[in-house]
Amino acid sequence: MQTQQTPNRAAAHALEADPRGFTPSSARFLPKEAIAACASFRDAVCLAWEHRALRGMTQRTLAEKLEIKGSHMSNMLNREPVDRHGKPRQDLPARYIAEFEREVGNRALSQWLARMAMLTLMEEVITSQRGL
Amino acid sequence: MTEGEALQISRKAVQDARKRVGDEKNALERELEAKAGTDPELMTAFALAGHLILRSQQDQKH
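Those protein sequences? They're chains A and B, same order as listed.
Residue numbers for the first sequence follow our numbering, beginning at 17 and rising by one.
Residue numbers for the second sequence follow our numbering, beginning at 135 and rising by one.
These are computed hints drawn from the structure, not numbers from a lab.
A few of these clues could be false.
In silico DSSO-like pairs for lysine-lysine, Cα to Cα no more than 27 Å straight-line [what the hints assert, rightly or not]:
hint	chain 1	residue 1	chain 2	residue 2
1	B	Lys146	B	Lys159
2	A	Lys103	A	Lys85
3	B	Lys159	B	Lys169
4	A	Lys85	B	Lys146
5	A	Lys48	B	Lys153
6	A	Lys103	B	Lys153
7	A	Lys81	B	Lys195
8	B	Lys195	B	Lys169
9	B	Lys169	B	Lys146
10	A	Lys48	B	Lys169
11	A	Lys103	B	Lys159
12	B	Lys153	A	Lys85
Just the calculated beta-carbon pair ranges, DEER-fashion [to be verified]:
hint	chain 1	residue 1	chain 2	residue 2	range
13	A	Val98	B	Ala161	32 to 40 Å
14	B	Arg189	A	Ser87	30 to 38 Å
15	A	Arg118	B	Thr172	21 to 29 Å
16	A	Gly72	B	Ser190	19 to 27 Å
17	B	Gln149	A	Gly72	41 to 49 Å
18	A	Ala53	B	Gln192	39 to 47 Å
19	A	Ser144	B	Gly138	13 to 21 Å
20	B	Lys159	A	Gly86	40 to 48 Å
21	A	Glu83	B	Glu137	34 to 42 Å
22	B	Asp193	A	Ser144	45 to 53 Å
23	B	Lys146	A	Ser90	19 to 27 Å
24	A	Ala52	B	Lys146	21 to 29 Å
25	A	Thr77	B	Glu158	26 to 34 Å
Quantities reported herein were computed from a predicted structural model and do not represent experimental measurements.
Glycine residues also receive a C-beta, built at the ideal position from the N, C-alpha and C atoms.
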């Protein structure tokens, strides 16, 4: 799958300027179709990891950089939301998003968050208007 | 931009888009994507709102 530098200049600038520091300015954006195909935050985390800028980066390296236990990192980067015993796997905590994006070198999580918020608020507005 | 402002901007954008294209979800989604693609403030607002929603979901799990 190809990556693209920005979905468009204005949107890219907006995400780069974000005060929570989601972003390195050199980070790549992934195609919006790939983001739309992510059904969950876990899927987006895995997508971002699969498209990491440094292909040689291991889960262990990422865990060390984020100061997360290796076993936890492995769970966070697993597509399956539950383990073989049916126990839910931990998701990447939101507080790690900025650093995760810096390390993998792409903006997939911010892109997914923006889309998720848009869809959530769409549902909220439609439901509330119908209830009037 | 605070998270409260981000939610406010995002909600207003959805309400405005709904006035333009109605309740059909695909049309609404296309309209909002187009708007966010040309409006840096709205794109930032959506990303911040998403961060807030995710944090809230994760806090509820603990």
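Structure-based check of all given hints:
{"no.": "1", "hint": "B:Lys146 with B:Lys159", "in the structure": "holds (16 Å)"}
{"no.": "2", "hint": "A:Lys103 with A:Lys85", "in the structure": "holds (18 Å)"}
{"no.": "3", "hint": "B:Lys159 with B:Lys169", "in the structure": "holds (15 Å)"}
{"no.": "4", "hint": "A:Lys85 with B:Lys146", "in the structure": "violated (41 Å)"}
{"no.": "5", "hint": "A:Lys48 with B:Lys153", "in the structure": "holds (25 Å)"}
{"no.": "6", "hint": "A:Lys103 with B:Lys153", "in the structure": "violated (44 Å)"}
{"no.": "7", "hint": "A:Lys81 with B:Lys195", "in the structure": "holds (25 Å)"}
{"no.": "8", "hint": "B:Lys195 with B:Lys169", "in the structure": "violated (33 Å)"}
{"no.": "9", "hint": "B:Lys169 with B:Lys146", "in the structure": "holds (12 Å)"}
{"no.": "10", "hint": "A:Lys48 with B:Lys169", "in the structure": "holds (15 Å)"}
{"no.": "11", "hint": "A:Lys103 with B:Lys159", "in the structure": "violated (34 Å)"}
{"no.": "12", "hint": "B:Lys153 with A:Lys85", "in the structure": "violated (48 Å)"}
{"no.": "13", "hint": "A:Val98 with B:Ala161: 32 to 40 Å", "in the structure": "holds (36 Å)"}
{"no.": "14", "hint": "B:Arg189 with A:Ser87: 30 to 38 Å", "in the structure": "violated (23 Å)"}
{"no.": "15", "hint": "A:Arg118 with B:Thr172: 21 to 29 Å", "in the structure": "holds (27 Å)"}
{"no.": "16", "hint": "A:Gly72 with B:Ser190: 19 to 27 Å", "in the structure": "violated (36 Å)"}
{"no.": "17", "hint": "B:Gln149 with A:Gly72: 41 to 49 Å", "in the structure": "holds (47 Å)"}
{"no.": "18", "hint": "A:Ala53 with B:Gln192: 39 to 47 Å", "in the structure": "violated (22 Å)"}
{"no.": "19", "hint": "A:Ser144 with B:Gly138: 13 to 21 Å", "in the structure": "holds (18 Å)"}
{"no.": "20", "hint": "B:Lys159 with A:Gly86: 40 to 48 Å", "in the structure": "holds (41 Å)"}
{"no.": "21", "hint": "A:Glu83 with B:Glu137: 34 to 42 Å", "in the structure": "violated (25 Å)"}
{"no.": "22", "hint": "B:Asp193 with A:Ser144: 45 to 53 Å", "in the structure": "violated (23 Å)"}
{"no.": "23", "hint": "B:Lys146 with A:Ser90: 19 to 27 Å", "in the structure": "violated (41 Å)"}
{"no.": "24", "hint": "A:Ala52 with B:Lys146: 21 to 29 Å", "in the structure": "holds (24 Å)"}
{"no.": "25", "hint": "A:Thr77 with B:Glu158: 26 to 34 Å", "in the structure": "violated (46 Å)"}
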